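*Asks:* Chains as they are written, first to last, in this note's numbering: chain A, 107 to 569; chain B, 220 to 267.
The hints are simulated quantities; they were obtained by calculation from the structure and are not laboratory data. Model, not experiment: these values are computed from the prediction. Where is the CB? At the ideal position from N, CA and C, for every residue including glycine. Please note that a few of the clues may not be correct.
Claimed, not checked - Distance ranges between label pairs, derived from CB positions:
no. : chain 1 : residue 1 : chain 2 : residue 2 : range
1   : A       : Thr342    : B       : Leu237    : 21 to 29 Å
2   : A       : Pro310    : B       : Phe225    : 32 to 40 Å
3   : B       : Ala236    : A       : Pro373    : 46 to 54 Å
4   : B       : Phe225    : A       : Thr125    : 57 to 65 Å
5   : A       : Thr355    : B       : Phe225    : 22 to 30 Å
As the list claims (entries may be wrong) - Incomplete in silico selection of chain A near chain B, CB under 8 Å:
no. : residue
6   : Leu529
7   : Gly530
8   : Ile535
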Amino acid sequence: MQPEAEIQTLPAPAVKALTCPSCGGTVELRAAGYTVNVACQYCGSILDVTNPQVKLLAEYHHAATNLEIPLGTRGTLRGIEWEAIGYMQRSVAGSWSWEEYLLFNPYHGYRWLITDGRGWSLGEQLTVTPGYDDYETMRLGPQAFKRFYEDSEAQVDYVFGEFYWRVRVGEKVTGADWVRPGVMLSREKNAHEVSWTRAVLLGPDEMPKAFGVAKKGRAWPPMPHEPSPQSAWLGTGFKLFLGILLLLTVLILGFGGTSWTDAGNFPVAPDGSERTVTLGPIHFGRFYQRVEIRAAVPKLENGWVDLDYTLVNRKTQQVYEAYGAAERYSGSDSDGAWTEGSRGSSISVASIPAGDYDLVIDYKGNRWTSGSMYSSSYGTAATYGSQTPDLGWLSAENSPEVSVEVRTGALFASSFWIALILLGLPLLIGFIRHVQFEKARQDESDFAPIGFAALGESEDDDE
Amino acid sequence: MNTRLFLYALWCLGVVALFVLSGIFAWSPFAEGGRARSHVGIYGPTHK
Numbered sequence: 107m108q109p110e111a112e113i114q115t116l117p118a119p120a121v122k123a124l125t126c127p128s129c130g131g132t133v134e135l136r137a138a139g140y141t142v143n144v145a146c147q148y149c150g151s152i153l154d155v156t157n158p159q160v161k162l163l164a165e166y167h168h169a170a171t172n173l174e175i176p177l178g179t180r181g182t183l184r185g186i187e188w189e190a191i192g193y194m195q196r197s198v199a200g201s202w203s204w205e206e207y208l209l210f211n212p213y214h215g216y217r218w219l220i221t222d223g224r225g226w227s228l229g230e231q232l233t234v235t236p237g238y239d240d241y242e243t244m245r246l247g248p249q250a251f252k253r254f255y256e257d258s259e260a261q262v263d264y265v266f267g268e269f270y271w272r273v274r275v276g277e278k279v280t281g282a283d284w285v286r287p288g289v290m291l292s293r294e295k296n297a298h299e300v301s302w303t304r305a306v307l308l309g310p311d312e313m314p315k316a317f318g319v320a321k322k323g324r325a326w327p328p329m330p331h332e333p334s335p336q337s338a339w340l341g342t343g344f345k346l347f348l349g350i351l352l353l354l355t356v357l358i359l360g361f362g363g364t365s366w367t368d369a370g371n372f373p374v375a376p377d378g379s380e381r382t383v384t385l386g387p388i389h390f391g392r393f394y395q396r397v398e399i400r401a402a403v404p405k406l407e408n409g410w411v412d413l414d415y416t417l418v419n420r421k422t423q424q425v426y427e428a429y430g431a432a433e434r435y436s437g438s439d440s441d442g443a444w445t446e447g448s449r450g451s452s453i454s455v456a457s458i459p460a461g462d463y464d465l466v467i468d469y470k471g472n473r474w475t476s477g478s479m480y481s482s483s484y485g486t487a488a489t490y491g492s493q494t495p496d497l498g499w500l501s502a503e504n505s506p507e508v509s510v511e512v513r514t515g516a517l518f519a520s521s522f523w524i525a526l527i528l529l530g531l532p533l534l535i536g537f538i539r540h541v542q543f544e545k546a547r548q549d550e551s552d553f554a555p556i557g558f559a560a561l562g563e564s565e566d567d568d569e
Numbered sequence: 220m221n222t223r224l225f226l227y228a229l230w231c232l233g234v235v236a237l238f239v240l241s242g243i244f245a246w247s248p249f250a251e252g253g254r255a256r257s258h259v260g261i262y263g264p265t266h267k
């Protein structure tokens with residue numbers, strides 16, 4: 107650990123050259139005065155450089171791997187120039203390996219560049235100890251971290267370059283990790299000390315720009331501390347959605363409409379013949395309007411009324427047609443009494459231009475008897491000849507009639523629902539992708555999923 | 220501004236514009252007007 111205030115008072119270290127006692131290679135010491143151990147980049151042997159006589163601590167005979175960042179490379183990350191001086195490859199018992207580069211700046215001390223091949227994180231050793239919020243949560247200042255990896259033994263598999271402690275291949279520590287979006291908190295402990303590191307996930311362009319490494323594509327499954335791409339917009343997006351809903355409500359009120367106008371009551375022919383009435387002129391003043399026509403047949407029972415509407419523009423003779431029907435049936439069976447259908451009918455004609463119109467209504471009453479399912483005339487008085495027919499709801503004492511009302515408006519309810527679906531669809535897709543991301547991310551965790559990743563998980567899955 | 224949020228805001232703008240246009244022209248894909256008389260020939264209760 108290097109308190110920065112002290113480091114700033116120290117002179118910048120000079121690069122010093124050493125000769126490896128194992129292979130004779132020239133080893134450059136970049137942080138002379140701070141470095142304790144150097145791993146020879148040619149043979150991997152570990153050298154003690156605390157004394158002028160370089161001491162061979164452990165002899166190896168393997169060449170340095172082709173490092174993604176050659177030691178000695180300098181790069182500027184977030185406004186500070188760093189030099190890569192050490193490299194370690196670590197793993198959990200030989201699997202789950204990752205790489206760590208030790209960065210050095212004489213005024214800012216040491217940092218770690220950490221990668222498991224999916225992305226880069228910049229780690230800084232902490233000088234404070236985080237505290238537990240609860241069993242699952244660790245707190246560092248205002249930031250809360252959720253547990254992710256439980257205690258496991260991490261070992262050093264390869265090491266090259268300089269380090270501020272006596273690192274060697276095979277060195278083991280017990281590590282555990284906590285995460286929050288974009289940040290990982292790691293604890294490493296051995297018999298002598300406990301150290302904490304806070305690693306900030308770097309953006310995909312930061313490392314290529316700083317150290318010239320190849321840009322990594324989107325990783326799947328995501329890294330433990332990788333923020334969901336959806337979470338950055340879903341919250342604000344939902345607020346926008348609510349705001350737009352409010353706007354649509356204001357627009358609905360703004361468009362308005364007229365109240366129902368009673369167009370008249372018209373008797374239905376008992377013999378089932380078609381009748382025609384013409385109403386008008388009806389004036390429509392809006393640029394374009396929705397014309398809603400509502401019909402009611404109060405005495406309708408076990409029968410139906412066909413209603414053909416034709417709106418004719420008096421000036422242009424342009425015709426707009428629509429069809430409606432009122433059907434109402436009732437009876438009783440082994441389950442008891444039943445009814446079906448409605449004595450009313452409501453239709454809407456869209457985009458009727460302004461003007462004076464005649465509304466022509468062709469209507470025809472029909473009676474339904476059991477078995478007469480496929481003919482509109484079957485079952486009417488005309489089919490009974492000279493016999494006294496049972497006219498049902500069409501009998502004269504019922505005075506069967508159709509009452510018609512008309513009103514105009516601008517908006518259809520369907521337009522609102524379509525808008526609602528269109529506005530909500532991206533949010534829904536984003537949310538589903540967010541849940542998928544969180545599930546994939548937390549799949550690597552040693553603990554049961556939490557938050558949205560726990561959606562669809564049963565209690566049994568947690569065990 | 221987040222790119223996704225920006226695209227969503229654009230999308231919302233488009234939807235609101237279409238909603239306003241549907242109000243100005245009083246249009247709906249679900250309006251009954253103009254449809255053929257499709258009900259002919261099939262009458263009677265359907266629940267039994």
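*Asks:* Each hint should be assessed against the structure and marked as holding or not.
*Replies:* Hints, one by one, checked against the model:
no.: 1; hint: A:Thr342 / B:Leu237: 21 to 29 Å; verdict: 22 Å, holds
no.: 2; hint: A:Pro310 / B:Phe225: 32 to 40 Å; verdict: 19 Å, violated
no.: 3; hint: B:Ala236 / A:Pro373: 46 to 54 Å; verdict: 48 Å, holds
no.: 4; hint: B:Phe225 / A:Thr125: 57 to 65 Å; verdict: 59 Å, holds
no.: 5; hint: A:Thr355 / B:Phe225: 22 to 30 Å; verdict: 25 Å, holds
no.: 6; hint: Leu529; verdict: 5 Å, holds
no.: 7; hint: Gly530; verdict: 10 Å, violated
no.: 8; hint: Ile535; verdict: 10 Å, violated
In summary, the numbered hints that this structure violates are 2, 7, 8.
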